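Undergrad: Next come the chains, spelled out residue by residue.
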Amino acid sequence: MRTIITVIGKDAVGITAKVSAVCANRNANIVDITQSVLQDVFVMVMLTEIQDLNCSFKEFKEDFCRLSQETGLDMRVMHEDVFDSMHRI
Amino acid sequence: MLNLNDIFETVQMIEQENLDIRTVTMGISLLDCADSDINESCRKVYEKIVNKAGKLVKTVSDIECEYGVPIINKRVSVTPISMLVAVSGGDPVLYAKALQRAADDIGVNFIGGYSALVHKGFSAGDIELIKSIPRALAETTNICASVNIGSTKSGINMDAVKLMGEIVKESAELTKDNNCIGPAKLVVLCNAPEDNPFMAGAFHGVGEPDCVIHVGVSGPGVVQSAIKKCPDGDFGEIAEIIKRTAFKITRMGQLVGNVASKRLGIPFGIVDLSLAPTPAVGDSVARILEEMGLEQCGIHGTTAALAMLNDAVKKGGVMASSSVGGLSGAFIPVSEDAGMIEAAREGTLTIQKLEAMTAVCSVGLDMIVLPGETPSEVISAIIADEAAIGMVNTKTTAVRVIPAIDKKVGDELYFGGLLGSGPVMDIDLKKSPKRFIDRGGRIPAPMQSLKN
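Chains as they are written, first to last, in the numbering used here: chain A, 1396 to 1484; chain B, 369 to 820.
Keep in mind the hints are simulated off the structure, nothing from the lab.
Among these hints, one or two may not hold up.
To give a feel for the contact side, a few chain B residues facing chain A, derived at Cβ under 7 angstroms [to be verified]:
#1 LEU370
#2 LEU372
#3 ASP374
#4 VAL379
#5 GLU434
#6 TYR435
#7 LEU623
Remember, it's a predicted structure, so these values are computed and weren't measured experimentally.
Don't be surprised by glycine CBs; every beta carbon is placed ideally from N, CA and C.
If we strip away everything but chain A, and leave its shape as in the complex, we get:
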């Protein structure tokens, strides 16, 4: 299963590192990253493979919830199929 992690918020040092660290800790493989800074707003989309997670999907999601609160950035973890089904015919 693959998930898409989206991060939006004020740009700061180390955002990508923190997000990647969570993935590494939980054994999620990062397949692709796209990021950019638009007028001081940091946006990142990360595609990860999570079939070999060392925890439940819920815990993985909670990690990002915590990180989101710590950093003040908006983070979401969603199944890739949601985007596929909505935007591809």
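Based on these hints, arrange chain B on the given structure of chain A.
TA: Here is chain B on its own, set in the frame of chain A:
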């Protein structure tokens, strides 16, 4: 990888525009539970529901977590209970209580199907069930009742119309200490669909498989935001925007339905592609109509705007799903829609205008609070008018009105949750339709040719 804009569009729809799956409803046939002993029959009903839908809430919550899509309600619809009453006899309220126990144990929000289909006449069990509806709704909290009193093919059963006016009133009386909540869980239908996942009119039709999963989508906020981005577009452009948005919303419903069906091992039925409002800000159908250029919902132009919206939603959604059904269209429940509540409070939205709107929307007069003094024959007459619109236009129409006992025009009722709150609306009670309603009998089915 997917386009960055597409990804953020989806995230924004969910985060800011209240996109959600309104309901995943499991339809369960109870025909094999019928027994001549009512207690035995109730036991089988309870066991079958718990057996089939025991994992529904957990499975759907897991999907919600994994996919990151809010799924608001988990519900069950069952075979019209009047059919079981026909076999078992006895007090139908026992079935309501068995359903309530099942709802409590499996954790679903509502079970629909305390219903009778009497569009051509009453058969065994129908009258008993209908007469027990007020008690059943007063003594349970999560059970919904519905009665189909007319159809395009059979006409309108005016005896049932008369009876239902009395039942609605009695139901409000019995729950007057609890905001008259009874009739908020009771809907009177014409041309009722057998696969509707939305309450209060959901029941599992006899033509359906033993067990099936239906999904109801929502997203008025998403449509409103999309139209907002095109302030000067003509109606061709607006219709395109609505279609495109409805397509995306429905795809989400189709995905959730497929996954739920696979995980539960139960066939997937239909996606009901409805725009179902909630009292939350930014989740209103009235606001879509206002975004199109009406100063307030309810003024002249509202019917045309709603007709266009309803049609475009269907056109967009049909291609997005393998099977579309249920009610499918835009709902206009007054107490559940922030924009409509406001328009009703200010007097812009009247019951007359709402009736006109129901000729082009997906259901009917929904969640409308009436003065407590409204006599039952007036409620019956409202039902008859609404059923006539549905019968002649070959569409589903429904009436869910709440007589607010001891309250007058301008007062409000608060139901809470998704049912919202609504002002008591003004209604003309000076002249009576009693002699018309008392006639009884059946209004014959309309011509299906020579349409003008």
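Undergrad: State for each hint whether it applies.
TA: Here is how each hint holds up against the structure:
1. LEU370: It holds, given that the least Cβ distance between B/LEU370 and chain A is near 5 angstroms, below 7 angstroms.
2. LEU372: Since chain A brings a Cβ to about 6 angstroms from B/LEU372, closer than 7 angstroms, the hint holds.
3. ASP374: holds, 4 angstroms
4. VAL379: Check passed: Cβ of B/VAL379 comes within 5 angstroms of chain A, closer than 7 angstroms.
5. GLU434: B/GLU434 check passes; min Cβ-Cβ to chain A is 5 angstroms, inside 7 angstroms.
6. TYR435: holds, 4 angstroms
7. LEU623: holds, 4 angstroms
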